[in-house]
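K.L.:
Each chain, letter by letter, is given below.
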Amino acid sequence: MAEPQRARPKPTPETQHFWDGTKAGELRLQRCDACAHVYFPPRPFCPSCASRKVSVFKASGKGFLYSYVINHRPAAPGFTPPYAIAVVELDEGPRMMSNIIDCPQTPEALELDMKLEVAFQELDDKIALPVFRPAKG
Amino acid sequence: MRKNQVAVVGAAETTELGVIPGASQLQLHADAALNAIADAGLKLSDIDGFATAVETPQQVCHYLGIKPTWVDGTSVGGCSFMLHVRHAAAAIEAGLCKTVLITHAESGKSMIGKQPRFTAADSLNGQFEAPYGVYGPPSMFPIPVLRFMKTYGITHEQLASVAVVQREWAAKNPRAMMKDPITVADVLNSRMIAYPFRLLQCCLVTDGGGALILTSADRARDFPRKPVYIMGTGESVETPMVSQMETFNSSRAFKTAGPLAFKEAGITHGDVDHLMIYDAFAHLPLFGLGDLGFMPYEETGRFIAEGNTRPGGKLPLNTNGGGLSYMHSGMYGMYALQESVRQMRGIAPAQVPNAKISVCHGVGGMFAASGTIVFTNEK
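Protein sequence lines correspond, in order, to chains A and B.
Residues in the first sequence are numbered consecutively from 1, following this note's numbering.
Residues in the second sequence are numbered consecutively from 1, following this note's numbering.
Please keep in mind that the hints were generated in silico from the structure rather than gathered at the bench.
The model shown is predicted, which means the values in this text are computed figures rather than measured ones.
A portion of the hints provided could be inaccurate.
[Stated by the list, open to error] Computed footprint of chain B on chain A, listed as stretches where at least three residues anywhere in the stretch have a Cβ under 8 Å from a Cβ of chain B: (1) 20-29; (2) 46-55; (3) 80-89.
[Claimed, not checked] Below, in silico cross-link-like pairs of lysine-lysine (DSBU-like), each with a Cα-Cα straight-line distance of 35 Å or less: (4) B/Lys67 with B/Lys150; (5) A/Lys10 with A/Lys115; (6) B/Lys255 with A/Lys136; (7) B/Lys255 with A/Lys53; (8) B/Lys150 with A/Lys58; (9) B/Lys255 with A/Lys62; (10) A/Lys10 with A/Lys58; (11) A/Lys136 with A/Lys126; (12) A/Lys115 with B/Lys255; (13) B/Lys150 with A/Lys115; (14) A/Lys62 with B/Lys263; (15) B/Lys255 with A/Lys10.
[What the hints assert, rightly or not] Okay, the calculated beta carbon distance ranges per label pair: (16) B/Glu378 with A/Ala36: 37 to 43 Å; (17) B/Gly313 with A/Arg6: 25 to 31 Å; (18) B/Ala121 with A/Thr80: 31 to 37 Å; (19) B/Gly153 with A/Ile101: 51 to 57 Å; (20) B/Asn354 with A/Pro74: 43 to 49 Å; (21) A/Arg8 with B/Leu34: 41 to 47 Å.
Ideal placement from N, C-alpha and C gives every residue a C-beta, glycine not left out.
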């Protein structure tokens with residue numbers, strides 16, 4: 001029997017550019033051409049001013065650890081507990097849920113406000129998932 | 001909405017609470033509804049308005065044999081019933097119906113006739129949260145806690161004290177699921193679920209249901225029970241994705257719904273004799289005390305740890321034992337409303353002496369939605 005699989009995202013027309021970006025090794029956000037608001041998750045209009053004139057851009061991939069839990073039970077399929085489920089605040093402003101790699105999954109190692117940088121995990125030949133690791137230097 | 005124009009005239013929970021292997025979720029709706037109808041001294045044919053969540057109004061109405069002229073299927077999570085009360089009060093005032101039945105039931109433990117929850121892979125939650133290992137409320141609801149603790153200097157011991165104090169209330173309640181006394185050390189030594197929360201800081205998983213019947217205040221005087229008036233109401237939603245809340249230092253939905261209800265009721269915090277804050281997890285009463293404006297967020301942890309919300313304290317909170325100790329079938333808002341009604345009728349197992357105003361504050365999803373009802377027993 002196959003191992004239970006981690007949940008895989010399925011893009012929609014509005015989010016395809018984001019998942020194309022992660023596949024290309026880029027974290028892509030959107031900025032409103034009218035009011036300059038930067039937002040996430042993706043949508044083809046500005047949730048701040050409702051303008052439909054928005055642009056996709058490559059984000060810095062830098063941010064900090066805003067908050068997290070370390071999940072012990074029940075574990076999601078494809079995960080070995082304990083594992084941290086984090087929310088990262090990006091330097092551009094939006095926040096996103098993620099996992100923290102290359103770091104012990106402990107309260108001592110996971111310090112709020114620690115600097116993070118994006119990395120990409122290939123889930124299959126279609127989806128690369130943005131995750132974060134402690135920033136170097 | 002004008003205050004005190006609509007009243008609760010029937011209120012009941014399912015005959016049993018806890019583990020109910022002998023009934024489907026739909027039958028639990030019917031059991032609660034029939035109990036509430038008996039409580040109000042009504043017949044099923046007297047009901048002309050109906051509201052429920054998760055199950056559809058058509059499902060429950062057909063099963064019960066109700067022919068409504070007004071329905072509300074608002075389903076925004078565990079506070080849906082607070083929103084139903086608000087909507088029903090507006091509908092009765094507008095003359096759309098006269099007598100509204102609101103039902104909730106959930107076979108949360110036994111899972112009989114309950115549809116499994118499912119997150120589609122192409123939904124926003126499915127794309128941007130599910131791949132990171134969220135798996136049920138314990139892995140999501142506590143995500144804001146560490147930020148909240150850091151911002152306001154809240155300690156693990158203070159968060160543990162929430163569970164301890166609510167167990168004190170539950171000990172007074174024969175229908176509470178968990179009644180044995182616990183200490184802060186017991187909480188902090190219980191099994192880790194999702195750091196920083198341990199088992200005793202997470203809600204129970206049980207079966208049960210409840211139902212309410214509302215009618216105009218003018219008609220309410222003719223019913224067998226003491227009327228409990230709807231003094232003020234508020235509601236809002238924020239986001240289904242906990243990661244996308246505006247901030248983890250408060251809940252926007254709480255901060256919208258709560259003050260709306262206080263303003264409509266024309267009350268200040270000092271007027272509140274009894275308070276319910278939906279406690280799916282131990283941090284919710286702290287968010288609620290802050291977001292509803294009872295005190296600065298920095299003081300919320302200490303306020304509970306020092307015993308101000310315990311039996312005999314100055315602000316009795318979650319007097320049935322709450323979702324942590326009384327029961328939690330999955331959508332607890334109905335049970336918070338039932339306890340507020342009992343307190344206003346003067347018949348609660350842990351009755352607050354001379355309580356005249358009760359505030360009942362609910363959450364839906366992971367801070368996704370909120371509803372607040374202010375009740376009074378004086379018109």
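K.L.:
If a hint holds in the structure, say so; if it does not, say that too.
P.N.:
Cross-check of the supplied hints:
Coverage of the segment 20-29 of chain A by chain B is violated. Counting CB-CB distances below 8 Å, 0 residues qualify, and the rule asks for three or more. Interface restraint, the segment 46-55 of chain A with chain B: violated (0 residues with C-beta to C-beta distance below 8 Å; minimum three). Closer than 8 Å: that is the beta-carbon criterion, and the segment 80-89 of chain A has 5 residues meeting it against chain B, so the requirement of 3 holds. Distance check on the hinted pair: B/Lys67 and B/Lys150 sit about 53 Å apart at the alpha-carbon level, beyond 35 Å; violated.
Restraint check for A/Lys10 and A/Lys115: satisfied, since their Cα atoms lie roughly 29 Å apart, inside the 35 Å limit. Between B/Lys255 and A/Lys136 the alpha-carbon distance is near 39 Å, which puts this suggested pair outside the 35 Å criterion. Using a Cα cut-off of 35 Å, the hinted pair B/Lys255 and A/Lys53 holds, with the two alpha carbons roughly 32 Å apart. A C-alpha spacing of about 31 Å is found between B/Lys150 and A/Lys58, which places the hinted pair at or below 35 Å, so the restraint holds.
Restraint check: the Cα-Cα separation between B/Lys255 and A/Lys62 comes to about 31 Å, which is no more than 35 Å; the hinted pair holds. A C-alpha spacing of about 21 Å is found between A/Lys10 and A/Lys58, which places the hinted pair at or below 35 Å, so the restraint holds. At most 35 Å may separate the alpha-carbon atoms for a hinted pair to count; A/Lys136 and A/Lys126 meet this at roughly 28 Å. Annotation: proposed proximity of A/Lys115 to B/Lys255 holds, straight-line Cα distance about 30 Å (limit 35 Å).
Annotation: proposed proximity of B/Lys150 to A/Lys115 holds, straight-line Cα distance about 17 Å (limit 35 Å). Straight-line distance between C-alpha atoms of A/Lys62 and B/Lys263 comes to about 43 Å, which puts the hinted pair past the 35 Å bound. Of the pairs offered as hints, the one joining B/Lys255 and A/Lys10 holds, with about 34 Å between alpha carbons and a cut-off of 35 Å not exceeded. Between B/Glu378 and A/Ala36 the beta carbons are some 53 Å apart, a value that contradicts the proposed interval 37 to 43 Å.
Here the CB-CB span from B/Gly313 to A/Arg6 is close to 46 Å, at odds with the stated 25 to 31 Å. For B/Ala121 paired with A/Thr80, a C-beta distance near 22 Å fails the hint of 31 to 37 Å. The hint said 51 to 57 Å for the Cβ distance between B/Gly153 and A/Ile101, and at roughly 30 Å that hint is violated. Taking the beta carbon of each, B/Asn354 and A/Pro74 are about 45 Å apart, inside 43 to 49 Å as hinted.
The beta-carbon spacing between A/Arg8 and B/Leu34, approximately 45 Å, falls within the hinted interval of 41 to 47 Å.
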